[in-house]
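> Spelled out, the chains give:
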Amino acid sequence: MTLIGIIFYGFLAIVAIVSAVAMLLNRSAIYSALFLVLNFATIAVLYLALGAPFIAFTQVTVYAGAIMILFLFVIALLGAEKLSGHEPIKGQRTMAIVLGLIFVVELVLFLIFRNQGIQPMLALTQDFASPQKIGIAMFTQYLLPFEVVAFILLSATIGAIVLTRVEKPARLGAARGKK
Amino acid sequence: MSQMSDLLTILPVLIVVTWALLLLVVDLWIPKQKKGLTALLAVIGLAVALGASLATSGSTTLAFNQMVVSDGFSDFLHILFLGSGMAAIALSYDYLKRMQIERGEYYVLLLFSIAGMMLMAQAYNLIMVFLALELLSIPIYVLSGFASGRSISEESALKYFLMGAFASGFILYGTAMIFGASGHIDFPGIAATLHAGQVNPVLFVIGAALLLVGFGFKVAAAPFHMWTPDVYHGAPSSISAFMSVAVKAAGFASLLRVFMVLFPGLADQMTPILWGIAALTMVMGNLVALMQTNLKRLLAYSSIAHAGYILMAFVSYGNKQFGSESISAALFYLLAYGLASFGAWAIVVAMEKDYGEGLFLEDLSGLGKRYPWLGTAMLIFMLSFAGIPLTMGFWGKFYLFRTTIQAGFLSLALIGILTSLISVYYYLRVVVFMFMKPGEKELQVNPWVGLVIAVTAIAVIAMALYPGVFVAWANQAVMLLQ
Amino acid sequence: MFLSETTSMDPLFLVVPLVVFLPLLGILVNWLFGKRLGEKAIGTIASLAVGGSFVVSLILLFALRTDPQGFSVPLMQWFTVGGLDISWSFRVDTLSVVMMLAVNLVGTLIHIYAIGYMHEDAIHQGDPTRYRRFFIFMNLFIIAMMILVSADNFLMLFVGWEGVGLCSYLLIGFWFDKGEGGIANAQAGKKAFITTRIGDFGLLIAIFLIFWAFGSLNFGDIFPRVGEVAANHPGLMLAITLFMLMGVTGKSAQIPLYVWLPDAMAGPTPVSALIHAATMVTAGVYLMTRSQALYLAAPAAQNVVMWVGAITALFAAIIAVAQFDIKKVLAYSTISQLGYMVAAVGLGAETAAMFHLVTHAFFKALLFLSSGSIILSLERAMEEGAQGSGSHATNIDPQDMRNMGGLRKKMPTTFWVYLVGALTLSGIAPLAGFFSKDEIIAAANNTNGIIFVVLVAAAFLTAFYMGRQILMVFFGKARTKAASLAKESAPLITVPLIILALLSIVGGAINFPGWLNLEHWLEHTIKVHESTFQLPVALISLSIALIAILIAWLIYGRKPLAESTSKDPLARSLGGVFTLVNQKFKVDELYHFLFIGPYEKLADFFAHPVDQGFIDGIANGLGNLASETGSWLRKLQNGFVRSYVLSIVAGIVIILIYLLVRV
Amino acid sequence: MPTSFFLALSAIMFVLGILGVLLRRNALVIFMSLELMFNAANLAFVTFANQYQLLTGQIFVFFIMAVAAAEVAVGLALMVAIFRNKGSVDIDQLNSLKG
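So the sequence lines, in the order shown, correspond to chains W, G, C and P.
Under the working numbering, the first residue of the first sequence is numbered 77, with each subsequent residue one higher.
Under the working numbering, the first residue of the second sequence is numbered 6, with each subsequent residue one higher.
Under the working numbering, the first residue of the third sequence is numbered 22, with each subsequent residue one higher.
Under the working numbering, the first residue of the fourth sequence is numbered 55, with each subsequent residue one higher.
Please keep in mind that the hints were generated in silico from the structure rather than gathered at the bench.
Warning: the hint list may mix true and false statements.
To be verified - From the structure, some residues in chain G lie toward chain P, with a derived Cβ separation under 10 Å:
#1 V147
#2 I157
#3 N324
#4 L426
#5 Y430
Backbone N, C-alpha and C define an ideal beta-carbon position, used for all residues, glycine too.
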């Protein structure tokens, strides 16, 4: 691995982490969403490096594109509400940060220092994960999961409609009117 | 490419999802006042699936490139899930009408969720486990928020959703670690790699721990249980009933499958953890249940406590000699718990006045005298929960404790016995309120709800006379599993 | 294994399931048709059901005379799992048939008595609709008791054991909406249930341990193998027997779990007589006798049993001296007599224990039922008095002996039978109690001097408090208007009393010294030590009893209580000691302080700080400002999703720390 | 570049996601943090897919994305419903169920 490579990956990692932290810290939901998009895009580049072009593009289109746009729509719909930085649950912040730190130390200890199976990243050939190969696998070996995903999406659609369709019973509306 | 035999393997699931799709369309032509028809159609669909499940049971087959399996274990659970689905619909029909939240989609979503559970019992690949879990969870998120406009329902849905997605994150990360440790994601592959000693032990352990957290959430094991009372409290009671039985059973089913594959390599590390979780769950669930005044919350904490008892089976599974016995004990316990639980929740459904109201223990006052049969049924359910002899609950505890003691975990069994003694207090308190306090409350016992109460009450007693038959059934389920 | 036995079995044995099914039939008939049948018919059906059971027991007795070694009669295979093979099968041997006979005989008489008693009681309590329920519960009790004594394995025995506990609970709280504050009866039921449940916990552990050690729960598999297993696991027998003793102290009301029995007097009097004096409470003694083989393998446990029994006998007798409630005196006397039986088992004199169990069933049932007759007639008189004068001034406690007096003339039959019962209990020759109690004291004389002294002292107190009771109730002048208006009860009530009195008189014959019937009878089932009649011991105990009665007469007979409010003469001389004894040495308060209070606090602690403030606990562990804790706790009963998530994260962090250490 | 580099990055992102859930009060941002956790898992999958040269890992990631989309639909619908009712998506105001 060349020095340039290290700098390149290091840079991407820093961008990813900084954008995640920025999402976490920013008080405005819109900025949070935008930082998350940045994070997703960075990860997409890493996917490319890891030999997963198809996943990288899906990441950009589905995640950064569709999902985050959906978020932005909803934020726009609800009126970007700004909550005060006040923490109502006492000790939550301290505990969360302490536990988070311990957790990350644990994970890093496990994944890197205790992990004997560390291997260098492989440079995979272009057609290892070509859309064609993935498509074939998806319709042969992974046919059943593919179909199941279809049902998940369908039930989510039904669910979203059920939850948002305004259909208040008359009595309830009257009761609320009285208040 | 899929073949006839592949489709046959998942025939019951296919029936359920196809039926759900048809129902979704048919429902459009069913007028608003006649949604009972949708309910009826949904039950018929489940009955057909049950028939198919019984007809195709008895063999072990893999299908779809080893994505799913059909064996005694899945047969057992299919029957449990389909049965609880029918019971849930029986509870829902009149309830939804009274709460003015009747909509055809309710039943469609319920069917999708059941299909997810059934797949979960059949999953033979971590991809399938995850997807089945989502197929079962997403409709449940929606269903627990189904009482639109009622803030407690929406609150419970959002709580459940956020925490459920959080737990899904853990399951995913755990799956990634298992994949990283073994290079496989299908159960036979993982098992083979494990057997050959080629796994990366560190990644493997951490993956198993993360999976445990995710499933621990689904089955409401302490300290991952805190969502349970809030969600059961806010969700429509018919859905709470369904969650407390079927969703929990699905979580355990998956946990059993996954751990049966992973456990041979992990017994040393995981058994103490499971020990701690089981003990904590039993203690937490039972002690906090003591202080509850709302019946729904009481049942929620009781369901946490029962999850703790079932987890004892995972501990005793650590002793290889008693592996299959502990699984069959867990299955049997699930059956016993599910029956009594549905009965008790049916009574909650009958009691509920306006949405979420009329559910305090005081509201039970005098019901035993006014409705002696109902009171007797509740007595039976509570006795079964408490594990008092002549009920299924007793046999469930008996087998569990026996296996646990035989496997050499005497102290855990003692904790279990002690906490179940404590539980007698709050279960009997329910009965005391019903029979010994004066009160003039009315109930709305719809015939279908009454049917659920009657069937479960009779089953709890009648099946307790011949526990051997059902133990044999559970044993058979395990036998084919291995 | 059953098959070979069944082939050579006298077909008469096959009737044994009827002891359970006849009462069941009674329940069904009363349940389904009772509403239309009327009170007399309900009572008759219930009594016939138990009477039928008694006849069946007699048939079994007859069958056993030719085949005394006994048989196991399988009804059906219950279930087989792994090594566990349980069947519903009945054990017919000399021991179980003795229990069946005693329970069914006394039970039948009490059922007949209850026909009259409950008729009046239900009217007095103001809810005649519960009449039918009473008899259903009573028959249910007989069923459970029959399952208990005829069980062929520990599991079936446990089913019966729990069943009688349930019935006891139901019947103590029978008038659950009555009693002090409308709740006292229900609370008494609860207390009995919870207290005995603690004992049951011990028994359950014992059963688990037995299964673990023997791999079976069948009596036939276990008892012959005790020696071999005891040799392999020396400590195990001790554990099993001690845990079993825990169960016995609960059900048979021994120290320290006796506290429920006096409160159990809240139930209707026939219940007190049948369950809390004659039959259920003896289940513990029966269990230990049945498990004699286990106890023989654990001499240390036998010692413990002996001491528990003897101390209970003395302790309860002391308390009985200072009670004023007529049924409470009898209740403590029951505890004391059960102490004798338990002590006898500990002394290795199981036959004596069984002998005393049977005679005690006769005379204690007699005493309770007679006291019920007195209470009823006082209640009747109170109501008449109230109608006559139109005032409420006659509202007195009909169970308080200070409100009685002079009933000898008013209720002659009751007086005579009560006198027989009291003398029998006091151990006056030649009544039944004399022989049975004497055999226990003689066994103590052979074994342990201190125990002997303790038991003789208890015998002295027994005679004294019975003398006190007779004198307070029947002699002197009527101290209240109700007592002066009391009348003899109806024949339906007095006839069973007379029969029981006759049984108390001749009951000693079943193990008459020199004749030794019961001993030879039981030796087919358990190990029996030949007991000898010791004349000096008999004389000592007889004279002690006579002296006690004399002293009672000196204190209470010469100068009877003048008013219902006047002080007990003993209280005048003993002062504070008497008050302390009257308050039962404040054991209930002690238990409340030691167990119930802290338990409630603990539950509260777990509910609030630990669960909802789970995070708080960790924070404290990390040393996060104790001063904030208070305000935290309130806020942390929260419902916040993020706190819940925090507990999940805390869980996984702890698990991973553990794994870091382990892997 | 060793694969552990990517694993470490994924671990850090996973924990940052958890922290977001723990610290933020806006339900939408909590939801975004959940997406971050999913992404961390995806990164780990793709890394392992590279290490073992197995397509399975990548396909799993594709499925996860689809499921995430489904969850987003339901989750956002829920938040819209709650916003209609309460006028806020502050998660801390949703604590009427407790005890």
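> Go through the numbered hints given earlier and state which of them the structure violates, listing their numbers in rising order.
Those not satisfied are hints 3, 4 and 5.
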